[in-house]
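The listed protein sequences correspond, in order, to chains R and Y. No gaps in the numbering here: position 275 of the first sequence is 289 in our numbering, and each next residue is one more. No gaps in the numbering here: position 1 of the second sequence is 55 in our numbering, and each next residue is one more.
Careful, some of the hints might be misleading.
[Said to hold, decoys possible] DEER-style ranges, computed between Cβ atoms: (1) Glu211/R / Gly212/Y: 28 to 36 Å; (2) Gly167/Y / Lys270/R: 39 to 47 Å; (3) Ile142/Y / His250/R: 20 to 28 Å; (4) Ser79/R / Gly69/Y: 34 to 42 Å; (5) Glu211/R / Lys139/Y: 57 to 65 Å; (6) Asp170/Y / Glu252/R: 43 to 51 Å; (7) Asp52/R / Leu206/Y: 17 to 25 Å; (8) Glu166/Y / Gln190/R: 35 to 43 Å; (9) Thr63/Y / Ile107/R: 29 to 37 Å; (10) Asp246/R / Arg208/Y: 57 to 65 Å; (11) Val101/Y / Asp52/R: 27 to 35 Å.
[What the hints assert, rightly or not] So the derived list for chain Y, only partly shown, Cβ under 8 Å to chain R, looks like this: (12) Gln174; (13) Ala176; (14) Ala177; (15) Thr184; (16) Arg189; (17) Lys190; (18) His193; (19) Ile194; (20) Lys195; (21) Asn196; (22) Ser200; (23) Cys213.
Treat the hints as calculated values from the structure; they're not laboratory data. Beta carbons are placed, not taken as given, at the ideal position from N, Cα and C, and that holds for glycine.
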Amino acid sequence: MSSCSSADSAASSSYSSSKEQSENEERQTWSWLELPRDVTAAILLKLGAVEILTSAQSVCSSWWSICKDPTMWRAIDTHNWGNVFNLPYNLEIICRHAVDRSCGQLVDINVEHFCTDDLLKYITDSTSHLRRLRLFFCYDISDEGLCKVVGKLPLLEELDISIGTITKDALEVIGQNCPKLKSLKFNMKDSRCSHIESDDEALAIARTMPELCHLQLFGNKLTNTGLCAILDSCSHLESLDLRHCFNLNLEGPLGKRCTEQIKDLRRPNELINDYPFCALMGDSGLFYIDNLLGFSDRDFLSDVDYQDDLYAFLDGSDFSDNVSYYFDPDTYY
Amino acid sequence: MSSSVEAITVLSSDGDEFKITVSAAKLSKPLNWMLEDVCFSDDCDEVPTIEVNSKTLVKVIEYCEKHAPRANSGASDSDAEELKKWDIEFMKMDVKDILFHILMAANYLHMEGLYDLACQTAADLMKGMTVSQIRKIFHIKNDFSSEEQEQLRRQHPGCSFD
Numbered sequence: 015m016s017s018c019s020s021a022d023s024a025a026s027s028s029y030s031s032s033k034e035q036s037e038n039e040e041r042q043t044w045s046w047l048e049l050p051r052d053v054t055a056a057i058l059l060k061l062g063a064v065e066i067l068t069s070a071q072s073v074c075s076s077w078w079s080i081c082k083d084p085t086m087w088r089a090i091d092t093h094n095w096g097n098v099f100n101l102p103y104n105l106e107i108i109c110r111h112a113v114d115r116s117c118g119q120l121v122d123i124n125v126e127h128f129c130t131d132d133l134l135k136y137i138t139d140s141t142s143h144l145r146r147l148r149l150f151f152c153y154d155i156s157d158e159g160l161c162k163v164v165g166k167l168p169l170l171e172e173l174d175i176s177i178g179t180i181t182k183d184a185l186e187v188i189g190q191n192c193p194k195l196k197s198l199k200f201n202m203k204d205s206r207c208s209h210i211e212s213d214d215e216a217l218a219i220a221r222t223m224p225e226l227c228h229l230q231l232f233g234n235k236l237t238n239t240g241l242c243a244i245l246d247s248c249s250h251l252e253s254l255d256l257r258h259c260f261n262l263n264l265e266g267p268l269g270k271r272c273t274e275q276i277k278d279l280r281r282p283n284e285l286i287n288d289y290p291f292c293a294l295m296g297d298s299g300l301f302y303i304d305n306l307l308g309f310s311d312r313d314f315l316s317d318v319d320y321q322d323d324l325y326a327f328l329d330g331s332d333f334s335d336n337v338s339y340y341f342d343p344d345t346y347y
Numbered sequence: 055m056s057s058s059v060e061a062i063t064v065l066s067s068d069g070d071e072f073k074i075t076v077s078a079a080k081l082s083k084p085l086n087w088m089l090e091d092v093c094f095s096d097d098c099d100e101v102p103t104i105e106v107n108s109k110t111l112v113k114v115i116e117y118c119e120k121h122a123p124r125a126n127s128g129a130s131d132s133d134a135e136e137l138k139k140w141d142i143e144f145m146k147m148d149v150k151d152i153l154f155h156i157l158m159a160a161n162y163l164h165m166e167g168l169y170d171l172a173c174q175t176a177a178d179l180m181k182g183m184t185v186s187q188i189r190k191i192f193h194i195k196n197d198f199s200s201e202e203q204e205q206l207r208r209q210h211p212g213c214s215f216d
C-alpha cells in the first residue's frame, strides 16, 4: 500500500477495521453500519426522497442523522408512476417535508403528477438557488400560479414543464424572468390535434429565450414560421427535438438550415425508440414499458394489438384515437 | 512507464496473488499509482498488497478487465448498452454475499463506475421494503428507544419504524 497510503489512509483504515470486525464474511455477519457515512449517504441518495422519508430514514439513528442532513436534499426527485392517489402516503406532504429538509439549499426538483400552484409556491419560497425544475404531467399548475413564482427563479437553467396546461403567456414571463435558462422542455401529451396550427408558443420562446441551448417541443403545433423565428432568435441552440411536430415541413430550405445550424436535430417523423422507458395510453390506462425488466419498446409493441395503430401514429397519419405514445419521464428529464 | 509491462501482480489482503492488466488497473487511481511504482521501481520483486479480500478482489478485477477497453478508448453506443447489461448481470451474482465488500473496495480504490453501480444495487435492494425488512437485509439493529420512536412519530406523522 506504499504508493497510495497517503491519499487513501482514511478509506484504507476504515476498510481494514471493518474487515477485522467482520472477519467471518462467509457467515455474512457484517452490518452495513460499518460503511463510511459518505458511502451510506451515496446509497440513500440513489434511493430517492420518497423511499427515504417513508422507510429508510427510520432504520436506525445513524441513518436518521444522515437523512436529516440538508446536503442530502439539494436534489429532490419525487418520481412516481402516476398512481398518486393509490399510494399509502400523500406525495404532496412528503414533497413539502423533503423541501423543509433542504433548508434553503434546494437546486434541483422533479415533481410528477401532483404539483399544484400552492406546492410550487412552497418550493420556490424555500430556495433562491433553484437551477433545475421539472413539473411533469401537472395539470394543477396554472399560468397564473407559475407566473407568480418565476421571479424567485433567477438562477434557473433547466425547465421541463411537459404535459400540462401552461400556455404561451407563462412561457413569456418565464423567458423574461429567467435569463440563465439554457434548456426548455415543453412537450405535449400527444399530437392528435396536429392539424391545428399555432405558432404562439414558438414565437414566445423566440421572443424571450434567446440564450437557449436545448429545446424539446415534442408534439407542438408550430409551423415553419414559428421554427424560423426560433432559429433566428436562439443562436446558441445545439439540440432541437421536433418529433411529432407534424405541421412542420422540413423538406425544403428550412430543413437544410436546421441541419446546418443545429448539432443534434430530431425531425418530426423520427422514432422515439431511443427512450428506454415509454408509455402507451390506451383505454385501459397507462402502461409503462421498462427496459430494465428486459423489454424494449419494440418487444412490447409487437405483443400488443396496438402495433399497427402505433406505426400509423408515428408516421403522423391515420392513428388511433385510443393510442398516444410519448416520452418516458425518467429519461427525458 | 515501460510499454513492455502488460500486467502486474498484486496481493489480496488474504495473501493471494492476482494478475491485473495495465489497462484494467487504470480504472483505479490507487491501482494506477501502484502500477507506476512497480514499473519504475528498481526492485521489481516487490508485490504490492491491496487491502481487499480475495473473494472481492476477483470481482473487482473482473469488472476492471471488462470495462477497461471502453474506459481507455471510448466506445460506441451499442458497446455501452452491452456493458450496461453486463453490469446488471455482474451485480446479480452472489450480490448479497459481497456487495458490502465491493462497495468498500470501490470506495477505497476510487473506482467511480463500480462505486456508482454498487450504490445503485444497494439502493435497489431497499426499494419497496419496509423498515424492518431493510434492517434484516443490511444486518442493522433498531437502536431507537421506544421514547425516541414516540417523539419522532409525533414530529413526523406517518413516519414508520416497523
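How the hints compare with the structure:
Checking the proposed 28 to 36 Å range against Glu211/R and Gly212/Y shows it is violated: the Cβ atoms sit about 48 Å from each other. Gly167/Y and Lys270/R have their C-beta atoms about 41 Å apart, which keeps the hinted 39 to 47 Å range intact. The beta-carbon spacing between Ile142/Y and His250/R, approximately 37 Å, falls outside the hinted interval of 20 to 28 Å. Taken as a hint, the range 34 to 42 Å holds for the pair Ser79/R and Gly69/Y, whose Cβ atoms sit roughly 38 Å apart.
Between Glu211/R and Lys139/Y the beta carbons are some 44 Å apart, a value that contradicts the proposed interval 57 to 65 Å. For the pair Asp170/Y and Glu252/R, the supplied restraint of 43 to 51 Å is violated, since their beta-carbon distance comes to about 26 Å. For Asp52/R and Leu206/Y, the Cβ-Cβ distance of about 24 Å falls inside the hinted range of 17 to 25 Å, so the restraint holds. Distance hint check: the CB atoms of Glu166/Y and Gln190/R are about 40 Å apart, consistent with the given range 35 to 43 Å.
Here the CB-CB span from Thr63/Y to Ile107/R is close to 57 Å, at odds with the stated 29 to 37 Å. For Asp246/R and Arg208/Y, the Cβ-Cβ distance of about 60 Å falls inside the hinted range of 57 to 65 Å, so the restraint holds. As the Cβ distance of Val101/Y to Asp52/R is approximately 31 Å, the hint placing it in 27 to 35 Å holds. Restraint check, Gln174/Y versus chain R: the minimum CB separation of about 5 Å is within 8 Å; hint holds.
The restraint placing Ala176/Y at the interface with chain R holds, with a minimum CB-CB distance near 5 Å, inside the 8 Å limit. Here the hint on Ala177/Y is kept, as its CB sits about 4 Å from the closest CB of chain R, short of 8 Å. Checking Thr184/Y against chain R by beta carbon gives a least distance of about 6 Å; that is within 8 Å, so the hint holds. At its closest, the beta carbon of Arg189/Y sits 6 Å from a beta carbon of chain R; the interface hint therefore holds under the 8 Å criterion.
Residue-level restraint check for Lys190/Y is violated (minimum Cβ-Cβ distance to chain R is 10 Å; threshold 8 Å). Restraint check, His193/Y versus chain R: the minimum CB separation of about 4 Å is within 8 Å; hint holds. Here the hint on Ile194/Y is kept, as its CB sits about 5 Å from the closest CB of chain R, short of 8 Å. Because the beta carbon of Lys195/Y sits about 7 Å from the nearest beta carbon in chain R, less than 8 Å, this interface hint is met.
Proximity of Asn196/Y to chain R holds as hinted, the smallest CB-CB distance being about 6 Å (cut-off 8 Å). The criterion of a C-beta within 8 Å of any C-beta in chain R is not met by Ser200/Y, whose closest approach is roughly 13 Å, and the hint is violated. Because the beta carbon of Cys213/Y sits about 6 Å from the nearest beta carbon in chain R, less than 8 Å, this interface hint is met.
Hint check: violations occur at hints 1, 3, 5, 6, 9, 17, 22; the rest are consistent with the structure.
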